[in-house]
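Visitor: Respectively, the protein sequence lines represent chains A and B.
With the working numbering, the residue at position 118 of the first sequence is 118, and numbering never jumps.
With the working numbering, the residue at position 288 of the second sequence is 288, and numbering never jumps.
Treat the hints with care, as some may be off.
[Stated by the list, open to error] Dumping the calculated EDC-like pairs for lysine to aspartate or glutamate here, alpha-carbon to alpha-carbon at most 20 Å: (1) K88/A <-> E212/B; (2) K323/B <-> D301/B; (3) K10/A <-> E271/B.
[Stated by the list, open to error] Pulled a few chain B residues facing chain A out of the computed Cβ check, cut under 10 Å: (4) D44; (5) D197; (6) L204; (7) E208; (8) C236; (9) V238; (10) F244; (11) Q267; (12) E271; (13) G293; (14) I295; (15) T309; (16) K310; (17) M313.
It should be emphasised that the hints constitute simulated quantities derived from the structure, not laboratory data.
This structure is a prediction, so every number in the text was calculated from the model and none was measured.
Note that beta-carbon positions come from the ideal geometry of N, C-alpha and C, so glycine has one too.
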Amino acid sequence: MVVTNFGSLKDYRKGGVQIINDDPRNYVFSNLFEVASNAEPYARIAIGKNFEYVVEVARAEGLSPWYSCAHDEFVVAMDGQVEVHLVKLADPHLLVDPNSSGAHRLADEPPEGRKMGRIVLGRGHMALLPAGSAYRFMSEAPSAIIFQTIQGPETIEKWAEICQTSAA
Amino acid sequence: MAMPEQSSTSGEASSARSDTRVLEIDNATGFRAFQAGGFGFKRDAYFARIEWPGGAHIMPIDAFLRALMRDVAWGFFYGVVNFDGVFGTINHYGEVTMFAGRFNDAYRAAGRDHEERFQSPALMQVFKAILSDWTIEGYDPFAAPMETGLPWGQKQGSNDAAIERIRVTARRMVGLPGDAPLRTDAAGYPVNRQFEDVAQDAPLVEAEPGFENEVSAFNLFAYLSRSDVTWNPSICSVVGDSLFCPTSEEFILPVEHGNDRCEWFLQLSDEILWEVRDKETGRPRARVLQRAGDIACMPADIRHQGYSTKRSMLLVWENGSPKIPELIAKGEAPVVSVSF
Numbered sequence: 001m002v003v004t005n006f007g008s009l010k011d012y013r014k015g016g017v018q019i020i021n022d023d024p025r026n027y028v029f030s031n032l033f034e035v036a037s038n039a040e041p042y043a044r045i046a047i048g049k050n051f052e053y054v055v056e057v058a059r060a061e062g063l064s065p066w067y068s069c070a071h072d073e074f075v076v077a078m079d080g081q082v083e084v085h086l087v088k089l090a091d092p093h094l095l096v097d098p099n100s101s102g103a104h105r106l107a108d109e110p111p112e113g114r115k116m117g118r119i120v121l122g123r124g125h126m127a128l129l130p131a132g133s134a135y136r137f138m139s140e141a142p143s144a145i146i147f148q149t150i151q152g153p154e155t156i157e158k159w160a161e162i163c164q165t166s167a168a
Numbered sequence: 001m002a003m004p005e006q007s008s009t010s011g012e013a014s015s016a017r018s019d020t021r022v023l024e025i026d027n028a029t030g031f032r033a034f035q036a037g038g039f040g041f042k043r044d045a046y047f048a049r050i051e052w053p054g055g056a057h058i059m060p061i062d063a064f065l066r067a068l069m070r071d072v073a074w075g076f077f078y079g080v081v082n083f084d085g086v087f088g089t090i091n092h093y094g095e096v097t098m099f100a101g102r103f104n105d106a107y108r109a110a111g112r113d114h115e116e117r118f119q120s121p122a123l124m125q126v127f128k129a130i131l132s133d134w135t136i137e138g139y140d141p142f143a144a145p146m147e148t149g150l151p152w153g154q155k156q157g158s159n160d161a162a163i164e165r166i167r168v169t170a171r172r173m174v175g176l177p178g179d180a181p182l183r184t185d186a187a188g189y190p191v192n193r194q195f196e197d198v199a200q201d202a203p204l205v206e207a208e209p210g211f212e213n214e215v216s217a218f219n220l221f222a223y224l225s226r227s228d229v230t231w232n233p234s235i236c237s238v239v240g241d242s243l244f245c246p247t248s249e250e251f252i253l254p255v256e257h258g259n260d261r262c263e264w265f266l267q268l269s270d271e272i273l274w275e276v277r278d279k280e281t282g283r284p285r286a287r288v289l290q291r292a293g294d295i296a297c298m299p300a301d302i303r304h305q306g307y308s309t310k311r312s313m314l315l316v317w318e319n320g321s322p323k324i325p326e327l328i329a330k331g332e333a334p335v336v337s338v339s340f
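Pulled out of the complex, with its shape left as it was, chain B reads as follows (with noise of 0.2 Å):
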């Protein structure tokens, strides 16, 4: 969402890998295979499949190419994204850490996890690649599964434009001259069939002349309700750090995100219900159900996942800071935003 970007800072030579390989094609299925250093990745008809020294996973494949998508369309994203139980990314902001077992209670007591760091170009190149080659025709991985089509089966045709949208990154307000600009009908968003009895007028902007670029107002649920995708976070207005990134969320958060920071949820339409666990243990905390009007922070020790049965308006609301997952991982910032 707020996709961070920035390099990592230690400014030591870093021993992250970068070696990964595109493999041959599978006669049985015509689905390439891929290596990132130790982790191997095949797909079958219905599921992918994952190897590294000393373990091995699997995921269904619509669950892996949703959760694949994100983490690419997100730059890895803030902290943790787990695909699963099991399979996911640390994002250190330049590099990142692949893991499987990682974040499992059962896996650490018992010694099984793994994981290995890479530079981030070079996971994020394997990841694009997996994905293009693994999303079938007619299949989105962004798409809320009422909407798109079934991924299984063997290799047929692609969809690369369906896995290449261009996520928004306002860097003032969407809107604004020469910022990320409205969704509209000519543009290739029409509104979204759940928010069909969304109001479309806009505001009344009345700017005197010289002050066109300053005097400026949109109308933001409009502009979610012609949202093409889901959980899928993207920035539409800039305080400094602080991003507001709405999103439009149907069915399930296809990852549970791991914080590294505390990140807050205000409820703009209908409803989400959240599982939260613990970040490290994945033990259960808490459900926080969030109507139209709730606001919740997640603590940054935590992971979580919503739930969304109407497609829902979400505003999330980031500190995209690069200073606060050392800050906190240091103990010199609290795990949660407000003590009270």
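For reference, chain A alone in the conformation it holds in the complex (with noise of 0.2 Å):
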């Protein structure tokens, strides 16, 4: 019988950097579901970095504020059950600046605009956040996302505290 292991908040071994003749933090090493076991609902901790670009990862539980992007970004459900809310804003520029980068987030109240629609992701499944709508989550149970998306304010970067730094 096949088995096909994904991990899981509850459920994941890390594997790590063996050094031979190098820095291991020039491997920026981390595990997903290790950093969003520690994180806040919702904080977006970037686990990968490349110029202006990141992956996020977070921890999703409850419901989330709202946020808006002046460019597409992607999720992806990594563990659980994930509600995503999608308005499209009536003015995306007043809320976000379009040549602005990354997620943005916005008051605490639904934000003005027609609703788009709703996705619930299972693991494994990815969905588009289009530039210039707002969307938040809601997950019942803790969950773990990914976003592909580009650094902006909601951006957390905290590479000491989650990457390996010594030799294995």
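Join the two chains into one complex using the hints; note that each chain is given alone, in its own frame.
Guide: This is the structure we're talking about:
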């Protein structure tokens, strides 16, 4: 019987960097489930960075704030079930500078605009978070989600805290 | 993967070679020989034999074809594609260097390395011709060893259907209307034997009228469970130059990929062991074991090769900006993505 191991918040087993002749920090090695386990709900922590682009991880639990972004983003559910609510903003430029990057947190109340729809993501499901929309998440149980986006005001960097820093 | 196809940007007249030739059929083996500039290529029952002015090299034909398959499919990829410790290519995005010993400490120290620069379309054409002629019936260089026939022996048929697969290059996201399609049984993508336990459910998508083209989601893990090739990252979602290129991996990455930029690996399932060596010398620097949920960066001054026993899912994350290689080569950008 084949068993594919995807890992989860409750059951993950980290690998690591075995150094021969290098600095382990060069590999920026971390585990998304570990980072999400130790994070506040919906804190968007960078686990990958390549110039301005980032991969963020968040623990989805309960209802998130509303966010918006001037460019497309993508979200992947890595563990658990997460609901996504999407609204087409009546005036997206009023809330987010069209030349800005990354996700911006909006006020807590529902933003003005037309309802676009609802998506329920299970493990391994990927969704588009379209430019100019507002979105929020809801998850009844702790879940893990990752974002493909650009570094922005919501991006949290704490590499020394999450990454392997010494030789294995 | 991100399959870079940008042109060289120097604007100067190119001196890159374009002289390639398809040579005669060998009476003993039935395979053709090929010439690209000063490099000559022949195959026999077991080996690929490569010659150049002042040197020669031999590779098992299975390893050569698996590496050649990736170099062709990836459009010479980002940076260096080492077929092994001696032979390979360097992508200049519009032109490509073919080399012998260029990234081998002993060849370099002895002054025995050799390289020639080609116009990419010319070298690609002869590479495709070699791949077509030397891949025999029943052998699929894209497949895991347990899923294909054998490459050995004399010329017997061909398998162009296997080597001409179209890579996935989503413009925005797989599954969006008009973009790269989902993989299904009906489309010829059954679930792979190693992913029979992967859930095939679809996300619940409730789009309000008028937003059907933007309210969209798909099952990425199910999509990957239906990949019919290994070690072939393909673009599934795009944010500017940020490219998510997931792939399924089994056995050994058929090349040692020498980075010209930082490249990130997020292990989606199971595990891969990466052997990391110095890009220039080939000397070992680290071993990186990635299990499900682990994410790591491959610096821009290394080469890496992965090993995966159980077929696994890997998210390769690239920054496809054409400016990066030059910035790194000039020392204007670091070889590591993050300093802390």
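Visitor: Could you run down the list of hints and mark each one as holding or not?
Guide: Right, here's what the structure says about each hint:
A distance of roughly 13 Å separates the Cα atoms of K88/A and E212/B; the hinted pair therefore holds under the 20 Å criterion. About 16 Å separates the Cα atoms of K323/B and D301/B, which keeps this hinted pair within 20 Å; it holds. The suggested pairing of K10/A with E271/B holds, with an alpha-carbon distance near 18 Å, which does not exceed 20 Å. Because the smallest distance between the Cβ of D44/B and any Cβ of chain A comes to about 37 Å, over 10 Å, the interface hint for this residue is violated.
Hint status for D197/B relative to chain A: holds, with the closest Cβ pair at about 5 Å, below 10 Å. Because the beta carbon of L204/B sits about 4 Å from the nearest beta carbon in chain A, less than 10 Å, this interface hint is met. Among the interface hints, the one on E208/B holds; its C-beta lies about 5 Å from the nearest C-beta in chain A, closer than the 10 Å criterion. Annotation: interface hint on C236/B holds; nearest CB of chain A at approximately 7 Å, less than 10 Å.
Because the smallest distance between the Cβ of V238/B and any Cβ of chain A comes to about 8 Å, under 10 Å, the interface hint for this residue holds. Satisfaction of the interface hint for F244/B is found here, the shortest Cβ-Cβ separation to chain A being roughly 5 Å, below the 10 Å cut-off. Because the smallest distance between the Cβ of Q267/B and any Cβ of chain A comes to about 8 Å, under 10 Å, the interface hint for this residue holds. For E271/B, the interface hint holds, since its Cβ comes within 10 Å of a Cβ in chain A; the closest pair sits about 6 Å apart.
The beta carbon of G293/B is positioned within 10 Å of a beta carbon in chain A (closest approach about 4 Å), and the interface hint is therefore held. Annotation: interface hint on I295/B holds; nearest CB of chain A at approximately 5 Å, less than 10 Å. Below 10 Å, beta-carbon pairs count as interface contacts, and T309/B has none with chain A, the closest being about 12 Å; its hint is therefore violated. Evaluation of the K310/B hint against chain A yields a held restraint, the C-beta minimum of about 8 Å falling below 10 Å.
The beta carbon of M313/B is positioned within 10 Å of a beta carbon in chain A (closest approach about 8 Å), and the interface hint is therefore held.
Checked against the numbered hints given earlier, the structure breaks hints 4, 15 and satisfies all the rest.
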